[in-house]
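2 protein chains.
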Amino acid sequence: MIDLLAMTRSARQAAQSLAIMTRARKDEALMTLANLLDSHTDAVLNANAGDIDLAGEMGLSPALIDRLRLTQTGLRALAEDVRKVVQLPDPVGCVFDRKVLPNGLQVHKQRVPLGVLAVIYESRPNVTVDVASLALKSGNAVILRGGKETLHSNRALFEIIQQALTSCEMPSGAVQWIDSSDRELVLSLIQMSDAVDMLIPRGGAGLHNFCREHSRIPVMTGGIGICHLFVDQSADQEAALRIIHNGKTQRPSVCNALDTVLVHRSIAADFIPALIDNLQGVAFRLDSTALECLQVGSIPSSIITPAGPQDFDTEWLSLVLGVKVVAGLEEAMDHIRAHSTGHSDGILTRDQANADHFVAQVDSAAVYVNASTRFTDGGQLGLGAEVAISTQRLHARGPMALEELTTYKWVIVGNDHIRE
Amino acid sequence: MIDLLAMTRSARQAAQSLAIMTRARKDEALMTLANLLDSHTDAVLNANAGDIDLAGEMGLSPALIDRLRLTQTGLRALAEDVRKVVQLPDPVGCVFDRKVLPNGLQVHKQRVPLGVLAVIYESRPNVTVDVASLALKSGNAVILRGGKETLHSNRALFEIIQQALTSCEMPSGAVQWIDSSDRELVLSLIQMSDAVDMLIPRGGAGLHNFCREHSRIPVMTGGIGICHLFVDQSADQEAALRIIHNGKTQRPSVCNALDTVLVHRSIAADFIPALIDNLQGVAFRLDSTALECLQVGSIPSSIITPAGPQDFDTEWLSLVLGVKVVAGLEEAMDHIRAHSTGHSDGILTRDQANADHFVAQVDSAAVYVNASTRFTDGGQLGLGAEVAISTQRLHARGPMALEELTTYKWVIVGNDHIRE
Numbered sequence: 001m002i003d004l005l006a007m008t009r010s011a012r013q014a015a016q017s018l019a020i021m022t023r024a025r026k027d028e029a030l031m032t033l034a035n036l037l038d039s040h041t042d043a044v045l046n047a048n049a050g051d052i053d054l055a056g057e058m059g060l061s062p063a064l065i066d067r068l069r070l071t072q073t074g075l076r077a078l079a080e081d082v083r084k085v086v087q088l089p090d091p092v093g094c095v096f097d098r099k100v101l102p103n104g105l106q107v108h109k110q111r112v113p114l115g116v117l118a119v120i121y122e123s124r125p126n127v128t129v130d131v132a133s134l135a136l137k138s139g140n141a142v143i144l145r146g147g148k149e150t151l152h153s154n155r156a157l158f159e160i161i162q163q164a165l166t167s168c169e170m171p172s173g174a175v176q177w178i179d180s181s182d183r184e185l186v187l188s189l190i191q192m193s194d195a196v197d198m199l200i201p202r203g204g205a206g207l208h209n210f211c212r213e214h215s216r217i218p219v220m221t222g223g224i225g226i227c228h229l230f231v232d233q234s235a236d237q238e239a240a241l242r243i244i245h246n247g248k249t250q251r252p253s254v255c256n257a258l259d260t261v262l263v264h265r266s267i268a269a270d271f272i273p274a275l276i277d278n279l280q281g282v283a284f285r286l287d288s289t290a291l292e293c294l295q296v297g298s299i300p301s302s303i304i305t306p307a308g309p310q311d312f313d314t315e316w317l318s319l320v321l322g323v324k325v326v327a328g329l330e331e332a333m334d335h336i337r338a339h340s341t342g343h344s345d346g347i348l349t350r351d352q353a354n355a356d357h358f359v360a361q362v363d364s365a366a367v368y369v370n371a372s373t374r375f376t377d378g379g380q381l382g383l384g385a386e387v388a389i390s391t392q393r394l395h396a397r398g399p400m401a402l403e404e405l406t407t408y409k410w411v412i413v414g415n416d417h418i419r420e
Numbered sequence: 421m422i423d424l425l426a427m428t429r430s431a432r433q434a435a436q437s438l439a440i441m442t443r444a445r446k447d448e449a450l451m452t453l454a455n456l457l458d459s460h461t462d463a464v465l466n467a468n469a470g471d472i473d474l475a476g477e478m479g480l481s482p483a484l485i486d487r488l489r490l491t492q493t494g495l496r497a498l499a500e501d502v503r504k505v506v507q508l509p510d511p512v513g514c515v516f517d518r519k520v521l522p523n524g525l526q527v528h529k530q531r532v533p534l535g536v537l538a539v540i541y542e543s544r545p546n547v548t549v550d551v552a553s554l555a556l557k558s559g560n561a562v563i564l565r566g567g568k569e570t571l572h573s574n575r576a577l578f579e580i581i582q583q584a585l586t587s588c589e590m591p592s593g594a595v596q597w598i599d600s601s602d603r604e605l606v607l608s609l610i611q612m613s614d615a616v617d618m619l620i621p622r623g624g625a626g627l628h629n630f631c632r633e634h635s636r637i638p639v640m641t642g643g644i645g646i647c648h649l650f651v652d653q654s655a656d657q658e659a660a661l662r663i664i665h666n667g668k669t670q671r672p673s674v675c676n677a678l679d680t681v682l683v684h685r686s687i688a689a690d691f692i693p694a695l696i697d698n699l700q701g702v703a704f705r706l707d708s709t710a711l712e713c714l715q716v717g718s719i720p721s722s723i724i725t726p727a728g729p730q731d732f733d734t735e736w737l738s739l740v741l742g743v744k745v746v747a748g749l750e751e752a753m754d755h756i757r758a759h760s761t762g763h764s765d766g767i768l769t770r771d772q773a774n775a776d777h778f779v780a781q782v783d784s785a786a787v788y789v790n791a792s793t794r795f796t797d798g799g800q801l802g803l804g805a806e807v808a809i810s811t812q813r814l815h816a817r818g819p820m821a822l823e824e825l826t827t828y829k830w831v832i833v834g835n836d837h838i839r840e
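Taken in sequence, the protein lines are chains A and B. Going by the numbering used here, the first sequence opens with residue 1, and the numbers climb by one from there. Going by the numbering used here, the second sequence opens with residue 421, and the numbers climb by one from there.
No lab work stands behind these hints: they were computed from the structure. Computed from a predicted model, the values in this text were never measured in an experiment. Ideal Cβ positions, reconstructed from N, Cα and C, are used throughout, including at glycine.
Keeping only pairs whose Cα atoms sit at most 25 Å apart, straight-line, the calculated SDA-like set for lysine to any residue is:
hint: 1; chain 1: A; residue 1: K84; chain 2: A; residue 2: S167
hint: 2; chain 1: B; residue 1: K519; chain 2: A; residue 2: C94
hint: 3; chain 1: A; residue 1: K99; chain 2: B; residue 2: L801
hint: 4; chain 1: A; residue 1: K99; chain 2: B; residue 2: F516
hint: 5; chain 1: A; residue 1: K99; chain 2: B; residue 2: D771
hint: 6; chain 1: A; residue 1: K99; chain 2: B; residue 2: K529
hint: 7; chain 1: A; residue 1: K109; chain 2: A; residue 2: T406
hint: 8; chain 1: B; residue 1: K519; chain 2: A; residue 2: V359
hint: 9; chain 1: A; residue 1: K84; chain 2: B; residue 2: H528
hint: 10; chain 1: A; residue 1: K84; chain 2: B; residue 2: R518
hint: 11; chain 1: B; residue 1: K504; chain 2: A; residue 2: E420
Facing chain B, according to a computed beta carbon distance under 7 Å, are these residues of chain A, among others:
hint: 12; residue: D197
hint: 13; residue: P218
hint: 14; residue: I243
hint: 15; residue: N246
hint: 16; residue: V367
hint: 17; residue: Y368
hint: 18; residue: V369
hint: 19; residue: N370
hint: 20; residue: S372
hint: 21; residue: T407
hint: 22; residue: I412
hint: 23; residue: G414
hint: 24; residue: H417
Next comes chain A alone, as it looks inside the complex:
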């Protein structure tokens, strides 16, 4: 029997102890975790193989199976990620916005942990370790609930985390795992508003909507990216082909992979055939103007399909790419405003004024100039790792790591000040 009340109480107690723990003690536990991950790869890979087998039997899509697969190299990288978190500065206790008011009151803000986090995620067992290590380092307790398709992998990883906590005499309530795929438990957990300070759902739109609808805890949503690149008239077309290839094919199953390319009308006739030629193995959904750029019958219909009404509102998570011709920068930005999920959108251009205008006007979590959208990632952007990529506007936007797992308190020191 899983007792959520006991879990959240133990998490709250652990959080109070973590909030005032020295950096050295937290880092020691993380180093222990990294070393245990290295020495237990076989156990984790065996557990993961069990999940992969079951996933095949359940008929999961190749994109989903790719997301839950762990490898020797991947596990080593995971341990390295934990060591990177050790190297990162401790955000807790940082003082900022220090000032002395005209009346002599000394005021500053000071970072403190959020408290108790709950993270509900689907597939991707590496999330278990990434989130646990960032939570520990930032002084938060965390309750994890992974998907049923990674139950074995998560159980193996969670046991390693608990071993690290125990051997460093850290409270075991600091990282807890709901070893069940019972959805009723999730519903109960997300309504425990005093017990949990932040809820992070990581998964599809269904999970996010479920959390938004039912949660009484502040929710951080994100991780759903319909990502755009606009190829401007002045773009370096060779570079554009490379960047689009990277955005679409380097890891198609993730949220920062490219979904839609918008092409300036004046270069469409040359660029679109070259684009299709450059993306072997990709299927395209083209708007009517883009279709006109292709010679009739030159490309099989398995590769080229006219874009349907939903195609520009779909996060592909696979080797499919939408292509649309636009009259220019303004129409490109209008399309992005209407269809982007506010995750990662960019412009490829050699025109500085157009780049500046795009950056000023497009309001996504990450706005790019002449780069692949694949960089929207905590590790890539120098945060060490990430707990999620926020596409909401409150609290944090884009990759969330240590600082984003903290809040602050105001500290006000007076000389017996009273308000007049």
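Add chain B to chain A, keeping to what the hints say.
The following block gives chain B in isolation, referenced to the frame of chain A:
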């Protein structure tokens, strides 16, 4: 008929225009608003008198009536607050966390408005102007919904705001007001998750719980303060009496007014009689040890009551003060952890180590040393004004003003970078 869908659409359009508006244009509208407030005091005061009359008829408590009363001086101060907001720097466009990554990617964050705000508030018609001016300055559109007890005042203030917008050719959708006390409208509004980016309820616990339970929009809650001061053994007792007098009596009806005084056991016998003597007109709820510090029968029972089970979990909002004797700093902090709403809590001490320990351990939005809790206020802490005082942990904590009404986007400029 109030058409919420049309309101939110018009707010979204206005928000897009405000997001890229120059500071000069926003400041001009605010200056116009301040001048119109000065030239229309009679109209507002007449409307307010109507609300006060109705409040008396409805039998509202004196504390509530105090909260909704406007005066000539108060209105002039309100116009001055708007002029202060004009003087404040525009947060929109501010660049921070600029860095160049090892691979040469240029990364920074840039402040952008949140978008569309909804603020639901009870009494206090000055909120209408404070919130509208901070929203405009920070480039946000806002939908306001005041309480039925200030319907006339709010209508008069809203007309002045609309006049300012019109005369400066600003979109009228930038500030909208729900001219109705129909609660069903609130329920509909707070479920429009794509239409509104942040919901701020300002009022009692009932309103906050209603919003938390039903909202699909990210909610900022706050403004409920069970505020504590701990009088340490080493406190300057004369200063402590002045600070407590200020915290309790300067404006008892507001959230940062003092609710509970914790007194170190070793000074209780002297301090508690002096405390009671110094707070004429205040009624006390004393724990049993505090009661023992008083001579039997020396003070009438209308002033002194033994503290009941709920008294240390009550926000008084009136001239009532809880008093409890504690064994020392640790017990004081335990009491605060158990009973505080995380708003404003402080220590009065001459012992630096105790002050430091208190600041490190107590995790409230505002933590005080040797000052009145009455300073937890956007104006007092140098923010110009405030839209709310957050006691939640996500996004912002304590007084929320311009910066707290913004989010940021990541801007990533590459030199045709692709991810390896």
